[in-house]
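Number of protein chains: 2
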Amino acid sequence: MAMSWHMMVEFEPPQLACVVSNANYSFGGLRAARECVIAIPASHLASLVVKVGNSSGCDTDKFAAFGLTKVPSASVKPFLIGECFANLECKVTDTRFVNKYNIFILAVLKAWINPAQQNRKTLHHHGYGKFVIDGRNIKLKSRAR
Amino acid sequence: MAMSWHMMVEFEPPQLACVVSNANYSFGGLRAARECVIAIPASHLASLVVKVGNSSGCDTDKFAAFGLTKVPSASVKPFLIGECFANLECKVTDTRFVNKYNIFILAVLKAWINPAQQNRKTLHHHGYGKFVIDGRNIKLKSRAR
Numbered sequence: 000m001a002m003s004w005h006m007m008v009e010f011e012p013p014q015l016a017c018v019v020s021n022a023n024y025s026f027g028g029l030r031a032a033r034e035c036v037i038a039i040p041a042s043h044l045a046s047l048v049v050k051v052g053n054s055s056g057c058d059t060d061k062f063a064a065f066g067l068t069k070v071p072s073a074s075v076k077p078f079l080i081g082e083c084f085a086n087l088e089c090k091v092t093d094t095r096f097v098n099k100y101n102i103f104i105l106a107v108l109k110a111w112i113n114p115a116q117q118n119r120k121t122l123h124h125h126g127y128g129k130f131v132i133d134g135r136n137i138k139l140k141s142r143a144r
Numbered sequence: 000m001a002m003s004w005h006m007m008v009e010f011e012p013p014q015l016a017c018v019v020s021n022a023n024y025s026f027g028g029l030r031a032a033r034e035c036v037i038a039i040p041a042s043h044l045a046s047l048v049v050k051v052g053n054s055s056g057c058d059t060d061k062f063a064a065f066g067l068t069k070v071p072s073a074s075v076k077p078f079l080i081g082e083c084f085a086n087l088e089c090k091v092t093d094t095r096f097v098n099k100y101n102i103f104i105l106a107v108l109k110a111w112i113n114p115a116q117q118n119r120k121t122l123h124h125h126g127y128g129k130f131v132i133d134g135r136n137i138k139l140k141s142r143a144r
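Just so you know, the protein sequences line up as chains X and D, in that order.
Oh and the first sequence: position 114 is 113 in numbering that gives the first Met the number 0, straight run, nothing missing.
Oh and the second sequence: position 71 is 70 in numbering that gives the first Met the number 0, straight run, nothing missing.
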């Protein structure tokens, strides 16, 4: 599925939260399997992301339909997506917020990056097919480092 | 404070989740007052954001120290920040995830935008003073609209 609502929760051990609507086919799968891969597409994959988001796993094998490459994960059953520059193998660690908010808490077990992929500009979803693409990087002096 | 971990949770009524570390001075204030304003700075305010993030309300009046403009809110006690192009008046509606995850659930009571501010490119925090600034906008055909 295409997912846009997510955030960091903790650095170490790395945790994320994400919202997967109970209207999505993936919701049942995620709740049952308690694991997933979060694959991060660069901007050149934008139209593919929309296609993935506008179809459903209930009647479509999205890997086959959209020509995506299944790459075996190290620690979870779901596949990594070969076309994505980063992939996070995740385990659902807390489902107490699912019924009320559709919020899943995820532990990141392993993170992959494809060093050969030069374009790492990410997509930010503004809704209804609108996205903004990462632009300029800046580095400011910060107390943190 | 400067905050970078947040996500949408629901469209209607609008809800957000955010992570505010219990190491931050703002944590106690947010938990006690149960309301806040999320002010969204455009990219030209990046160095100001870092200054706000690298100081603490425990010994600094940040509005005064950084020359920020206090604008009265309509429904909460905290001020809007006049320099930010968007301001969200929020109420904390659920603190059950605070102790374990520092996650606050927020209802957005009112959203303000400054139509006079042309630059609405936002900042995405990559950590340690690194940010990426919004670049190009794209619009793809989506089933949603």
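Hints were generated in silico from the structure; no laboratory data involved.
As the structure is a computational prediction, the values presented were derived from the model and not from experiment.
Where a beta carbon is used, it is the ideal one built from N, C-alpha and C, also for glycine.
Incorrect hints may appear among the rest.
Said to hold, decoys possible - Chain X regions said to be covered by chain D (calculated; three or more residues, Cβ under 8 angstroms):
hint: 1; region: 45-53
hint: 2; region: 64-71
hint: 3; region: 106-120
Said to hold, decoys possible - Each computed BS3-like pair below joins lysine-lysine, with the alpha-carbon atoms no more than 27 angstroms apart:
hint: 4; chain 1: D; residue 1: Lys120; chain 2: X; residue 2: Lys140
hint: 5; chain 1: X; residue 1: Lys61; chain 2: D; residue 2: Lys138
hint: 6; chain 1: X; residue 1: Lys129; chain 2: D; residue 2: Lys120
Going down the list of hints, with the structure as the test:
no.: 1; hint: 45-53; in the structure: holds (count 5)
no.: 2; hint: 64-71; in the structure: violated (count 0)
no.: 3; hint: 106-120; in the structure: violated (count 1)
no.: 4; hint: Lys120(D) <-> Lys140(X); in the structure: holds, 21 angstroms
no.: 5; hint: Lys61(X) <-> Lys138(D); in the structure: holds, 22 angstroms
no.: 6; hint: Lys129(X) <-> Lys120(D); in the structure: holds, 14 angstroms
Violated hints, listed in ascending order, are 2, 3; each of the other numbered hints is respected by the structure.
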